[in-house]
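So the protein sequences, as listed, match chains R and F. Numbering of the first sequence is given in the UniProt record's numbering, commencing with residue 1 and proceeding in unit increments. Numbering of the second sequence is given in the UniProt record's numbering, commencing with residue 1 and proceeding in unit increments.
Note that these hints are calculated values from the structure, not bench results. Source: prediction; values computed, not measured. For each residue, glycine too, the CB sits at the ideal point set by N, CA and C.
Some chain R residues near chain F, calculated using beta-carbon distances under 8 Å:
1) D14
2) S39
3) G53
4) L119
5) R127
Protein chains: 2
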Amino acid sequence: MSDATALPQRDLFDLPEGVVYLDGNSLGPLPRGTAERLSRAVGAEWGAQLVRGWNDAGWIDLPDRVAARIAPLIGAEPGTVAVGDSTSVNLFKVLAAAMALNPERRVILSDAGNFPTDLYIADGICRFRGEGWRVEAKPSEEVEAAIDESVAVLMLTQVDYRTGRRRDMRAVTEKAHAAGAVVIWDLAHSAGAFPVELAACGADFAIGCGYKFLNGGPGAPAFLYVAPRHAATVEPVLSGWMGHAAPFAFDPGYRPGEGVERMKVGTPPILSMTALEDALRLFEGRDLAALETRAQDLCDHFIAAVEARCPGLVLATPRDRAVRGSHVSFRHPEGYAVMQALIAQGVIGDFRAPDILRFGITPLYIGEADLDRAAEVLGEILDSGSWDRPEFHARAKVT
Amino acid sequence: MSDATALPQRDLFDLPEGVVYLDGNSLGPLPRGTAERLSRAVGAEWGAQLVRGWNDAGWIDLPDRVAARIAPLIGAEPGTVAVGDSTSVNLFKVLAAAMALNPERRVILSDAGNFPTDLYIADGICRFRGEGWRVEAKPSEEVEAAIDESVAVLMLTQVDYRTGRRRDMRAVTEKAHAAGAVVIWDLAHSAGAFPVELAACGADFAIGCGYKFLNGGPGAPAFLYVAPRHAATVEPVLSGWMGHAAPFAFDPGYRPGEGVERMKVGTPPILSMTALEDALRLFEGRDLAALETRAQDLCDHFIAAVEARCPGLVLATPRDRAVRGSHVSFRHPEGYAVMQALIAQGVIGDFRAPDILRFGITPLYIGEADLDRAAEVLGEILDSGSWDRPEFHARAKVT
Numbered sequence: 001m002s003d004a005t006a007l008p009q010r011d012l013f014d015l016p017e018g019v020v021y022l023d024g025n026s027l028g029p030l031p032r033g034t035a036e037r038l039s040r041a042v043g044a045e046w047g048a049q050l051v052r053g054w055n056d057a058g059w060i061d062l063p064d065r066v067a068a069r070i071a072p073l074i075g076a077e078p079g080t081v082a083v084g085d086s087t088s089v090n091l092f093k094v095l096a097a098a099m100a101l102n103p104e105r106r107v108i109l110s111d112a113g114n115f116p117t118d119l120y121i122a123d124g125i126c127r128f129r130g131e132g133w134r135v136e137a138k139p140s141e142e143v144e145a146a147i148d149e150s151v152a153v154l155m156l157t158q159v160d161y162r163t164g165r166r167r168d169m170r171a172v173t174e175k176a177h178a179a180g181a182v183v184i185w186d187l188a189h190s191a192g193a194f195p196v197e198l199a200a201c202g203a204d205f206a207i208g209c210g211y212k213f214l215n216g217g218p219g220a221p222a223f224l225y226v227a228p229r230h231a232a233t234v235e236p237v238l239s240g241w242m243g244h245a246a247p248f249a250f251d252p253g254y255r256p257g258e259g260v261e262r263m264k265v266g267t268p269p270i271l272s273m274t275a276l277e278d279a280l281r282l283f284e285g286r287d288l289a290a291l292e293t294r295a296q297d298l299c300d301h302f303i304a305a306v307e308a309r310c311p312g313l314v315l316a317t318p319r320d321r322a323v324r325g326s327h328v329s330f331r332h333p334e335g336y337a338v339m340q341a342l343i344a345q346g347v348i349g350d351f352r353a354p355d356i357l358r359f360g361i362t363p364l365y366i367g368e369a370d371l372d373r374a375a376e377v378l379g380e381i382l383d384s385g386s387w388d389r390p391e392f393h394a395r396a397k398v399t
Numbered sequence: 001m002s003d004a005t006a007l008p009q010r011d012l013f014d015l016p017e018g019v020v021y022l023d024g025n026s027l028g029p030l031p032r033g034t035a036e037r038l039s040r041a042v043g044a045e046w047g048a049q050l051v052r053g054w055n056d057a058g059w060i061d062l063p064d065r066v067a068a069r070i071a072p073l074i075g076a077e078p079g080t081v082a083v084g085d086s087t088s089v090n091l092f093k094v095l096a097a098a099m100a101l102n103p104e105r106r107v108i109l110s111d112a113g114n115f116p117t118d119l120y121i122a123d124g125i126c127r128f129r130g131e132g133w134r135v136e137a138k139p140s141e142e143v144e145a146a147i148d149e150s151v152a153v154l155m156l157t158q159v160d161y162r163t164g165r166r167r168d169m170r171a172v173t174e175k176a177h178a179a180g181a182v183v184i185w186d187l188a189h190s191a192g193a194f195p196v197e198l199a200a201c202g203a204d205f206a207i208g209c210g211y212k213f214l215n216g217g218p219g220a221p222a223f224l225y226v227a228p229r230h231a232a233t234v235e236p237v238l239s240g241w242m243g244h245a246a247p248f249a250f251d252p253g254y255r256p257g258e259g260v261e262r263m264k265v266g267t268p269p270i271l272s273m274t275a276l277e278d279a280l281r282l283f284e285g286r287d288l289a290a291l292e293t294r295a296q297d298l299c300d301h302f303i304a305a306v307e308a309r310c311p312g313l314v315l316a317t318p319r320d321r322a323v324r325g326s327h328v329s330f331r332h333p334e335g336y337a338v339m340q341a342l343i344a345q346g347v348i349g350d351f352r353a354p355d356i357l358r359f360g361i362t363p364l365y366i367g368e369a370d371l372d373r374a375a376e377v378l379g380e381i382l383d384s385g386s387w388d389r390p391e392f393h394a395r396a397k398v399t
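Next comes chain R alone, as it looks inside the complex:
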């Protein structure tokens, strides 16, 4: 499975015929076998074992099993990852932990172009914590220069959700540490796309998403990372029973579990988490560096194909493969309608306000022929102006 030359392996997934799926960075497709696994979890576990499933089907250890599968994908030491809750909730947990490590400072520094929920959550925690805590969100290109000794926490997403620009995790982390700041990395568009090196880069905390490149299913549980040097001293703000040292002792007092275990909170959604566990099979033994190389080749290929076929589009993604993630974006003032027209023809990407046409590219199920077709259909739509129809302008709830 680690041979990149054997990619794409579209038959690893239950992908509909005729669809070119370039939105796996929003929702990964259904891995082949996951439907059957989930059916077993419902019938043979929940149905037949009933409450005994917590022990007999190993539900209680499911979050740890998933964590152990995610850790190598993000360069995390064993026992440093906790799985559960949403990405937003996990960010809240690690923000609280990070803030406590720098109690004399008051600033959470971030990127004004960060994924909005990250900024919202940081704002919310500052309002609740009070005492002058605040978020400073700088324009993307000014963030690194703004790292100074006022900064308690630097909170960044490694890959920009619109442009695909990838930050240098090692250099930025080093710079932040030199200024005494604690660093949180959001790996939403990183995990499963290329090798992330949290430990090697000295990251303090990280969070990430189960439903994008990890293919865990809609709303799959998220994950968080706590560096070993913090794990034993972090005081969980969401101090729920699943993070207690002995959840089933029903002690009236809270005692944090060992290491990252303490970052678990409530009862995890077993069905959704089972799908994620199963989806992670696809990464077993996979060479992520080879996957990344192949992904960047495909990104280059797609940029060239689109620029040749659609000269009016403006590339929003860096041309330099060293500083981009695993999606390619173009700008078009009517991007929303253009994307709906594209989707109507079976080429599925997504739109991000205000003008971004976004195409997630993963070598697991995408090859050059898919990208050529996408570029051709996009070209036809732009040439013909067929995107300019009322049904393509009508905004859906979710874009």
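Fit chain F to the given chain R structure using the hints.
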């Protein structure tokens, strides 16, 4: 479906042959039809619609659809319930909201016998918030007398998870309000068991669980309630994008959604939530008052049967049906081993430290014959001492 005389309807569920299931208050059984519904969500939605499922399969509205099904079960006004996250995380959200309503006070009053995670979460939020906030956990029978003008938030679980004692929601809420306290009710062992009257009792906030009497599956998403008088002013501490007024506008600044919508946080676990939505079918058109009457008849029946057959056991649950929930508990010093012996014979209840044998009773799938069998098997186990075997003393991870 509302005719209580037609109960039990064991065929509403995929229950294993020969099992007497008295642990639906820990994990409700699999409703018939839910396996098929979930299979469709996996194959026909995630697999075939891919990311389009957010609009085409209505995933984006799924939490609201589930909330609309739960609201009538708990006496909540339309548009006052939000579904998602775990019970513990929801408690954190409503605690933060409640604390902000009483900014001059510093005490969260609770019951020392409350379900531990409630106390842990309250402790955690006080530690994080600082400024003198603290939890005062009183012995169960002293809580009501301790309500005074120092209390900012009264946080109680309506039905005690061990004894099944049910508090008078109306009287306690009135007393708290008279002292100027804000009230949070945990409905973990209430929702789906009997009619809860949140609005009529004037409750401020509530939380509850999807996987007990609501039968939503292992780790099903939880819910919260915000009284309409607070909904428009509450400032969410977990201010995630799903609670934003326009999540897909990707605004850099947070604007809370309308009313209780703002209490949503991150992307919900769609597969687990789909199971919960489907399970709630079983409550459509059901007369909860009739269900409660039948449940209390069954509780009386079980108490009588066990006391006749097992005179050595001590009843931990009130004999007065007006002050109990929908489970019956007995004390035995070797309760853990006794329960394992019982489970080995297909009578499934659970054990709660230190000495509680707990039996959840729901008329949906339990009748007198089941309870007679349970009492008989329990009697045989106690008479023979067959519980005193090494395999029954060996503690599993989850009890």
